[in-house]
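> One letter stands for each residue in the lines below.
There are 2 protein chains.
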Amino acid sequence: MPERVVTACVLIIGNEILSGRTQDTNLNHIANVLGESGVRVREARVIPDIEDAIVGAVNEVRAKYDYVFTTGGIGPTHDDITADCIAKAFGVSLVIDETIAARIRGRPSEPDVMASRMRMARIPDGAQLIENATGGPQGFSIGNVYVMAGIPSVMRAMISTVRLEGGAVMQSRSVTAYLGESQVATGLEEIQERYSEVDIGSYPFMDADGYGTTLVMRGTDPATLDSVLDEIKRLIVDAGETPRNVVTE
Amino acid sequence: MPERVVTACVLIIGNEILSGRTQDTNLNHIANVLGESGVRVREARVIPDIEDAIVGAVNEVRAKYDYVFTTGGIGPTHDDITADCIAKAFGVSLVIDETIAARIRGRPSEPDVMASRMRMARIPDGAQLIENATGGPQGFSIGNVYVMAGIPSVMRAMISTVRLEGGAVMQSRSVTAYLGESQVATGLEEIQERYSEVDIGSYPFMDADGYGTTLVMRGTDPATLDSVLDEIKRLIVDAGETPRNVVTE
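Residue numbers (my numbering), protein chains in the order written: chain A, 1 to 249; chain B, 1 to 249.
Just so you know, these hints were derived from the structure itself, not from any lab. Just so you know, these numbers come straight off a predicted model, no measurement behind them. Take the hints with a grain of salt, since some may be wrong.
Just so you know, same-sequence chains aren't split out, so a pair can sit in one copy or run between any two.
What the hints assert, rightly or not - Distance condition first, Cα-Cα at most 20 Å in a straight line; then the derived EDC-like pairs of lysine to aspartate or glutamate: (1) LYS88 x ASP199; (2) LYS64 x ASP52; (3) LYS233 x GLU51; (4) LYS64 x GLU189; (5) LYS88 x GLU231; (6) LYS88 x GLU60; (7) LYS233 x GLU189; (8) LYS64 x ASP112; (9) LYS233 x ASP52.
Chain A extracted, bound-state conformation (with noise of 0.2 Å):
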């Protein structure tokens, strides 16, 4: 029986990310998160604060995917529309969530600011909290959408919360060589082709000892993958070179 893979994509919300002002970490780490879950992130996009842009993004990859996890825009700023958006798109409007307002209430200040935090009280109609560890609001899920802070310490403290129901684990085996990927392309993909159930990628690099490459077989197997990793060994020592750096996750 094939196992059933579980999928996600992730969208990162923010003009931040897109002009080049901050370099994203988010995904990262999702995908290593969910990967031990057993969901695999098959897209992610980097999506703009524009109200359009984010509910035409949420509605065509909640339907093609499993999972959708965003992060970004649900602070208390103009900036901050995420929960708005998230509403439109599932067609339902915001409201207090008392808990998140509580928690709100429970850090007083003058009634101007009070009222931008209470921004963040704002959930979809029928959504559910997500933990937010750090004690600031929490973030929420609705449907197969969850929605968490852009601040990488606030996304992690959420995501570590998170419940999923999840397929067969990947697991990886690599090996890295001082050699050309063109040195073994022929011999990976005659591999490639004995195993297709092991998605095998050849990454180049170049560091202080020279180009080299290293040789990535993820798959659910661990039998399986360890045969691969044989056979990928032979290849690197047939084309004059040694297998290095072995690891097993």
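Could you slot chain B onto chain A? The hints should help.
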């Protein structure tokens, strides 16, 4: 007369980014380089090394934006299918480019290695070369799509040679204060409403000195940006804090 806004989409092609194995840094570099040419990245997507995904994304975004930049998947191994997919997206065949082929032949090698490397000489019929100052095979462009390597150092060498017709160059001002976003949210929104041509973003952070917010203004007119910066500095002072780290770019 409203200035023309020139837009771009970046497609990061590679399973290794989606699996979490590799942290992408190419988008950030491309966004900064394009910004200096007056080209604004409006969307970015990370997509897997799967033909349908690549062809579909390329055809969707090349119709939607002035320029499309891809990174990844133009090496010599079986998982490098970007050139094939771009040709398919444009409905043209792949041809051997003699300039790239000559560069490849310049580094003699065994016949099967050479055959694999020749894979990199295949470009869509009618494509133009993108120079590669590292001495490796060139990238290419066809229509409004620019196809570059995934290795950051090679991608950077390639994009540095691309000349684009851009619009007015975005400039920015930023100022930081140790206050919560909500302390300036109302005032910021009011300023944003008066200066609709400026994009005002609020980016909270935490560092060793506590919680803070960086306020970023982006737009094409320096005088307007300076006015907005002055108003925002006043907002910070009115909230009882000190404007810090003013940056003009």
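> Determine for every hint whether it applies to the structure shown.
The hints, checked one at a time:
For the homomeric pair LYS88 and ASP199, neither the shortest alpha-carbon distance inside one copy (38 Å) nor that between copies (23 Å) is at most 20 Å. Taking identical chains as interchangeable, the C-alpha atoms of LYS64 and ASP52 lie at most 20 Å apart whether they share a chain (18 Å) or sit on different chains (14 Å). With identical chains, the CA atoms of LYS233 and GLU51 are never at most 20 Å apart, being 51 Å at best within one copy and 28 Å at best between copies. When the C-alpha separation of LYS64 and GLU189 is checked against a cutoff of 20 Å, the pair qualifies neither within a copy, at 30 Å, nor between copies, at 35 Å.
Taking the closest pair of Cα atoms, LYS88 and GLU231 never come within 20 Å of each other, the shortest separation being 52 Å inside a single copy and 33 Å across copies. In this assembly of identical chains, the alpha carbons of LYS88 and GLU60 lie at most 20 Å apart only when taken from the same copy (13 Å versus 24 Å across copies). Proximity of LYS233 and GLU189 under a CA criterion of 20 Å is satisfied intra-copy only: 14 Å inside one chain copy versus 60 Å between copies. With identical chains, the CA atoms of LYS64 and ASP112 are never at most 20 Å apart, being 41 Å at best within one copy and 41 Å at best between copies.
In this assembly of identical chains, the alpha carbons of LYS233 and ASP52 never lie at most 20 Å apart, being 50 Å within a copy and 31 Å across copies at closest.
Against the hints set out earlier in the document, violations occur for numbers 1, 3, 4, 5, 8 and 9.
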